[in-house]
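Participant: As given, the protein sequences belong to chains A and B, one line each in that order. Here our numbering is used: the first residue of the first sequence is 1, the next is one more, and so on. Here our numbering is used: the first residue of the second sequence is 1, the next is one more, and so on.
Watch out, some of these pointers could steer you wrong.
Copies of the same chain are indistinguishable here, so a pair counts whether it falls within one copy or spans any two.
Subject to a maximum C-alpha distance of 30 Å in a straight line, what follows is the list of computed DSBU-like cross-link-like pairs (lysine-lysine) [stated by the list, open to error]:
no.: 1; residue 1: Lys220; residue 2: Lys450
no.: 2; residue 1: Lys220; residue 2: Lys254
no.: 3; residue 1: Lys254; residue 2: Lys447
no.: 4; residue 1: Lys365; residue 2: Lys274
Just so you know, the hints here were simulated from the structure itself, not pulled from any lab data. The structure presented is a predicted model; accordingly, all values stated were derived computationally and were not measured.
Number of protein chains: 2
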Amino acid sequence: MTARELPRSRPDVITALEARLAQRLGARVTASQAVLEQHSHGEGLPAVGVPDLVVFPETNDEVAFILALCNDLRVPVTPFGAGSSLEGQLAALAGGVSLDTSRFDEILEVSQESLDCRVQAGVTREALNAHIRDTGLFFPVDPGANASIGGMVSTRASGTNAVRYGTMRENVLGLTVVTPDGRVVRTGSRARKSSAGLDLTHLYVGSEGTLGVITEIQLKLYGVPETIVAAVCPFTSLEGAVAAVVTALQSNLKMARIELLDEVQMRAAINYSKLDYQETPTLFLEFHGCPNGVSEDVEMMQAITADHGGGAFQFATRPEDRSRLWKARHNSYQAVMALSPGKNNMGTDACVPISELPACLLETKADILASGLTAPIVGHVGDGNFHLGILFDPNDAEETERAEALAFRTARRAIAKGGTCSGEHGIGLHKIVHMETEHGEGLALMKDVKKALDPNGIMNPGKLYPSD
Amino acid sequence: MTARELPRSRPDVITALEARLAQRLGARVTASQAVLEQHSHGEGLPAVGVPDLVVFPETNDEVAFILALCNDLRVPVTPFGAGSSLEGQLAALAGGVSLDTSRFDEILEVSQESLDCRVQAGVTREALNAHIRDTGLFFPVDPGANASIGGMVSTRASGTNAVRYGTMRENVLGLTVVTPDGRVVRTGSRARKSSAGLDLTHLYVGSEGTLGVITEIQLKLYGVPETIVAAVCPFTSLEGAVAAVVTALQSNLKMARIELLDEVQMRAAINYSKLDYQETPTLFLEFHGCPNGVSEDVEMMQAITADHGGGAFQFATRPEDRSRLWKARHNSYQAVMALSPGKNNMGTDACVPISELPACLLETKADILASGLTAPIVGHVGDGNFHLGILFDPNDAEETERAEALAFRTARRAIAKGGTCSGEHGIGLHKIVHMETEHGEGLALMKDVKKALDPNGIMNPGKLYPSD
Chain A
1 MTARELPRSR PDVITALEAR LAQRLGARVT ASQAVLEQHS HGEGLPAVGV PDLVVFPETN
61 DEVAFILALC NDLRVPVTPF GAGSSLEGQL AALAGGVSLD TSRFDEILEV SQESLDCRVQ
121 AGVTREALNA HIRDTGLFFP VDPGANASIG GMVSTRASGT NAVRYGTMRE NVLGLTVVTP
181 DGRVVRTGSR ARKSSAGLDL THLYVGSEGT LGVITEIQLK LYGVPETIVA AVCPFTSLEG
241 AVAAVVTALQ SNLKMARIEL LDEVQMRAAI NYSKLDYQET PTLFLEFHGC PNGVSEDVEM
301 MQAITADHGG GAFQFATRPE DRSRLWKARH NSYQAVMALS PGKNNMGTDA CVPISELPAC
361 LLETKADILA SGLTAPIVGH VGDGNFHLGI LFDPNDAEET ERAEALAFRT ARRAIAKGGT
421 CSGEHGIGLH KIVHMETEHG EGLALMKDVK KALDPNGIMN PGKLYPSD
Chain B
1 MTARELPRSR PDVITALEAR LAQRLGARVT ASQAVLEQHS HGEGLPAVGV PDLVVFPETN
61 DEVAFILALC NDLRVPVTPF GAGSSLEGQL AALAGGVSLD TSRFDEILEV SQESLDCRVQ
121 AGVTREALNA HIRDTGLFFP VDPGANASIG GMVSTRASGT NAVRYGTMRE NVLGLTVVTP
181 DGRVVRTGSR ARKSSAGLDL THLYVGSEGT LGVITEIQLK LYGVPETIVA AVCPFTSLEG
241 AVAAVVTALQ SNLKMARIEL LDEVQMRAAI NYSKLDYQET PTLFLEFHGC PNGVSEDVEM
301 MQAITADHGG GAFQFATRPE DRSRLWKARH NSYQAVMALS PGKNNMGTDA CVPISELPAC
361 LLETKADILA SGLTAPIVGH VGDGNFHLGI LFDPNDAEET ERAEALAFRT ARRAIAKGGT
421 CSGEHGIGLH KIVHMETEHG EGLALMKDVK KALDPNGIMN PGKLYPSD
């Protein structure tokens, strides 16, 4: 997990670049230490790889100008959205330019008829949902953090709603991308489906800023369901909770959210968010649909959970109660941190086929126990995705190593079970060690594509692709 | 639409290649004239681009051997599935080798727990669904033809169920691909979602055999719904039928199939399939779900259609009645051909955002009328996708030109409305003339990727990418 800093550009090159950029961008290029430091890391991560400059472009042409200039000078560029990424994607390992998209904050178009919208990359998901609140539509992908849409595209983010509405992969119709040599390219279309040529859109979704800069996104939207019911169901065992999920998925039961919190995570959440629940493995559920359909689904799920040692549902139907419930779920990171003040939280992001989820979770639970570490489990189990929050003291080398070893084994266990080391956070630099194992020969193809689209390697160097 | 034949390999090179291939494949390499002719075209298309050899490999290693050999000798390779593609993808424009995947006919794994399966590329969708019939699962993507799964991946196929279950894009979890230089690469995983690196899977989905040969596919499966109800609803006008569809989609109404047949297509279908319906614009619908949910959906759709001039629903609930209904829908191509014996049928594949669908359909209808041609309309209108079947006499140059002009305008109209020239059939060689208009600078990126992954250009030359 340690960041490997890369050779930086010569100071005179940076000075010349800064002067050229300032001519066009004025005060929107800066080398202020505070801004540089803020642009060197994602959420809760140490500042490794401080950039030399931060730029705040406002138009596609400005981004094209910046990239073409950096490409000519071979100065690296690291795109920066809302700063909420978790895998080290934002560290400017070779210095250079951090390209901040926060001024790309316009919602360009919303179509109630076509259930889609076009937004600039810096728009956050909360800003988008606030903007369309009166249209009866919403954008469902919800990673918890108030991430930028561009960042969510770049990491192929998902979150609590993905089991029903899909991830960013399923919800992006098209993009505007600026290539490293400064071309502004529109990918995809507004059509819901297309078989017209290579799928450039999905090549950029999840590319973590290594192929170019995403500036605009065409997104699917959905009608707000007539009825939304959230429910919390405690279990006597982790096995029972997971078995209930697997059964529900196999029964065609449609839920919008299926979240698992183990007893350690529940303790953290109860303490942090003052919840009136039990310290036992628990499912947080949400049902979307028409009144009758939701009633039918809830009843079916109650029968399934009861079969697996689940207790009575505690319902939340009023919007404010649902908000409180999901806020507690979203605050699981903060809740875990509050468990042991002074410790750091190392995240894992394993995702496995549903059939492998019970064994994978139980083996991981046993591994945590054997490690002697505290590591609550929280998961989007409807997708087979779960996270550990491994607590460790960064000043204790032995404990840090133990935490890293546990995280490593968790990722490799998922890969061995036909899954992935990263369900939704991306690779960045923390998961790079697993790329070869997970992709084998595919990694060579990824590098071929990278080389074709960024021949000088200026885009976010040191991330995603392990060096040869 | 005319095929441009490309320079072929020297006869002595082909002779040497045939000898090398025969050493390993024996009788599974052939230059028999009948087999060559059969491998020169897709469904209903003329034999342009007859290959020099046809090979029938049975293992990934054999495919790797064939490709590496052809790559060394710079002999082109055109992958061939079930032969049902519609856009000229299968024509061996530069001769060379047609690689037939029909012996890749094994279903490698089916998981009822994870709702997925792994199949070889030559398995047809009907064979897959027959194989899993007793598991309570089904594979929903249904382009009508009994296409091979590999071919469906290659054209990013969809069909009548896509409005609910998505296209091949949404249903492929991973692939085994053999690269032109003979590496066997596994992309994706069995996890339902992943953010671990570039999305190679979706780069190959829709690449029409131009980047490599797909040999295995990991697919999502779905539980057979408890209740399935099909219904046919006649309308007094095309406008009314489309308006009803748009309203239904905006109302969150979930249907599995929403198919439109205009009055000309209905006449053809009624005559060909002996149906007891009216010769008027008609929606073919299908509802999937639990009994209560389906009843609720049907009632809601009845109210919506009645508001837009729709008549009473004629229901089909028994499996044999539903099969008859959808068989009639699937036979629309044959039904159209029967309208005017001796004529050919030129297909279009426009797909537009739902908001643009009413205007696009009405403008197209007026254009057909003005053209003096017969061209029934049938469409997956829930996705904004519709086809014309333009009838023309291939021996009448003027009529052929008029048909081509109508097809051209239909594609360009879709692109101008934010849509695509190809919703589900792919580009092949017939739609290649629209690539620049639809993708602009994106086309250059596609060519960069093609060059990176097939540097010698041996894979299916002359398709997908217009030459510079």
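Participant: Provide an ascending list of the numbers of those earlier hints which the structure does not satisfy.
Facilitator: As far as the earlier hints go, only 3 is violated by this structure.
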